[in-house]
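Chains C and V, in that order, give the protein sequences.
Here the first sequence is numbered in the numbering used here, starting from 1 and rising by one per residue.
Here the second sequence is numbered in the numbering used here, starting from 1 and rising by one per residue.
The set of hints was computed from the structure by calculation and includes no laboratory data.
Remember, predicted model here, so these are calculated numbers, not experimental data.
Be aware that one or more of the hints could be misleading.
Cross-link-like lysine to any residue pairs, in silico, SDA-like; alpha carbons within 20 Å at most [to be verified]: (1) V/38 <-> C/6; (2) V/119 <-> V/262; (3) V/158 <-> C/22; (4) V/38 <-> C/23; (5) V/158 <-> C/4; (6) V/127 <-> V/38; (7) V/158 <-> C/8; (8) V/38 <-> V/77; (9) V/38 <-> C/9; (10) V/158 <-> C/31; (11) V/38 <-> C/24; (12) V/38 <-> V/58; (13) V/158 <-> C/26; (14) V/158 <-> C/24; (15) V/119 <-> C/5; (16) V/158 <-> C/20; (17) V/38 <-> C/22; (18) V/158 <-> C/12; (19) V/127 <-> V/280; (20) V/158 <-> C/3; (21) V/158 <-> C/23; (22) V/158 <-> V/180; (23) V/158 <-> C/21; (24) V/127 <-> V/286; (25) V/38 <-> C/2; (26) V/119 <-> V/180; (27) V/115 <-> V/138; (28) V/158 <-> C/25.
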Amino acid sequence: MTPLIDLLETSPPVDLQLPGGYDPDRNLRVDGTGRPVVLVPGSGLGTQTRGGADRDDAPPTVTSLTGTVTKNTSDRDEMTSLLVTKTAGGRDTDDDRAIAASVLLGTVTFAGPDRD
Amino acid sequence: MLVLVSNREDLTADWLVLELERRDEPFVRLCTEDYPSKIRIGWTLNDAALELGESTLAAEDVTAVWWRRSVAPVIPAGRSPGEMAWAAGESLAAWDGFWEGVNAHWVNTPGANAKAESKPAQLRAAKRLGMNVPATLITSSRAAARSFVEAEGTVVCKALRSGLIPGVNGDRVLYTQPVDPQMLAGLEELGPEPYLFQALVEKSADVRVTVIGERVFACRIDSQSTPDASVDWRRGSAEDLHHESIELDEPTTRRLRDLTAGFGLRFAAIDLAVDRERGYVFFEINPNGQWAWVEQLTGQPLASALADELLRR
Chain C
1 MTPLIDLLET SPPVDLQLPG GYDPDRNLRV DGTGRPVVLV PGSGLGTQTR GGADRDDAPP
61 TVTSLTGTVT KNTSDRDEMT SLLVTKTAGG RDTDDDRAIA ASVLLGTVTF AGPDRD
Chain V
1 MLVLVSNRED LTADWLVLEL ERRDEPFVRL CTEDYPSKIR IGWTLNDAAL ELGESTLAAE
61 DVTAVWWRRS VAPVIPAGRS PGEMAWAAGE SLAAWDGFWE GVNAHWVNTP GANAKAESKP
121 AQLRAAKRLG MNVPATLITS SRAAARSFVE AEGTVVCKAL RSGLIPGVNG DRVLYTQPVD
181 PQMLAGLEEL GPEPYLFQAL VEKSADVRVT VIGERVFACR IDSQSTPDAS VDWRRGSAED
241 LHHESIELDE PTTRRLRDLT AGFGLRFAAI DLAVDRERGY VFFEINPNGQ WAWVEQLTGQ
301 PLASALADEL LRR
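With the hints as extra help, turn the sequences into a complete structure.
See below:
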């Protein structure tokens, strides 16, 4: 018997490669320089995360992550391009800061339905 | 002492941490994946405490709790699966026992969260309060589902409890989506599990409401601007969807406050739609929903309001 769920459309969740790590002394996630990494989760679905900017005037360190194809890249130019076009709104989302974010992140994975 | 109960990956908790740091307010953030290996528990008939490395948190010193995203006790590997499950159960029982003895201001209590997470309870409560609620059917009967589709026209299917489906080859997400009548016709049965069907709302926008204490923040989401997001706006990318703070009318605001309070909640994220003819339509209430992206896109002072609520300001 085929259950209904097998006929409904499902998507892989967005897999966010979280930059930096949790700092127990600061009680939050920080990047390699010790600055807070403030990401903005979207509604509901666990690992789905919306892009965001750092409220504390540090460089943004994440992008919004959507796309059909999982894309791994460590190429700086490609990553920069992706980050510039996909960095979400907020205080620190001008291109220069997005480029800075690409350098900071190293390797970024985009996953999910491709909306481009 | 204000205590934030969550985990390391909870990025929304980071927003509140920054707000509390900005105010120079003392707090403790518990990352529950550390329990029971690094967070030790002590409970007697007279008192209880958590040992957090070099510091101790006494139950009697807890003044407020933000019960955010507590995860199940993590038992280190190396024991049999059965023994690990047993150890996790024992650990959880002790953990629950500690928190049951905490007499503090809770946002929200685990019991209230659990009660409010029931979709059937939410929908009936909203209807009792006079809100517009879409015709809804929860069933595992194919015949009942087909009759519902015939009666209501376009019908959507949505998750009853969680849209996240774990899988061996990766997790999948079930978004709210229209049900093709042909799909139902081709099935022998829906499956042993029931599904939630709802009449499609012809909406002009979605509205995300965040209730914090007595404060009600509403945000209009322009979900109809992107085909991907028209039925379930979570499918759209946030930067593509215009978000805008709005004021709800007084009766709707009162109903949402009453709905939240009726479940014993001090925080709730509520999803509404703007029906082209009926006005606001209730979809669901999430007692522990996300809110940081709304603050980011609209400037609504949600972290500040949550801090005020926890600190009773």
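Cross-check of the supplied hints:
no. : hint            : in the structure
1   : V/38 <-> C/6    : violated (41 Å)
2   : V/119 <-> V/262 : holds (14 Å)
3   : V/158 <-> C/22  : violated (34 Å)
4   : V/38 <-> C/23   : holds (15 Å)
5   : V/158 <-> C/4   : holds (12 Å)
6   : V/127 <-> V/38  : violated (46 Å)
7   : V/158 <-> C/8   : holds (10 Å)
8   : V/38 <-> V/77   : holds (15 Å)
9   : V/38 <-> C/9    : violated (41 Å)
10  : V/158 <-> C/31  : violated (37 Å)
11  : V/38 <-> C/24   : holds (12 Å)
12  : V/38 <-> V/58   : holds (16 Å)
13  : V/158 <-> C/26  : violated (39 Å)
14  : V/158 <-> C/24  : violated (38 Å)
15  : V/119 <-> C/5   : holds (19 Å)
16  : V/158 <-> C/20  : violated (35 Å)
17  : V/38 <-> C/22   : holds (15 Å)
18  : V/158 <-> C/12  : holds (16 Å)
19  : V/127 <-> V/280 : holds (12 Å)
20  : V/158 <-> C/3   : holds (15 Å)
21  : V/158 <-> C/23  : violated (38 Å)
22  : V/158 <-> V/180 : holds (13 Å)
23  : V/158 <-> C/21  : violated (35 Å)
24  : V/127 <-> V/286 : holds (16 Å)
25  : V/38 <-> C/2    : violated (45 Å)
26  : V/119 <-> V/180 : violated (23 Å)
27  : V/115 <-> V/138 : holds (18 Å)
28  : V/158 <-> C/25  : violated (41 Å)
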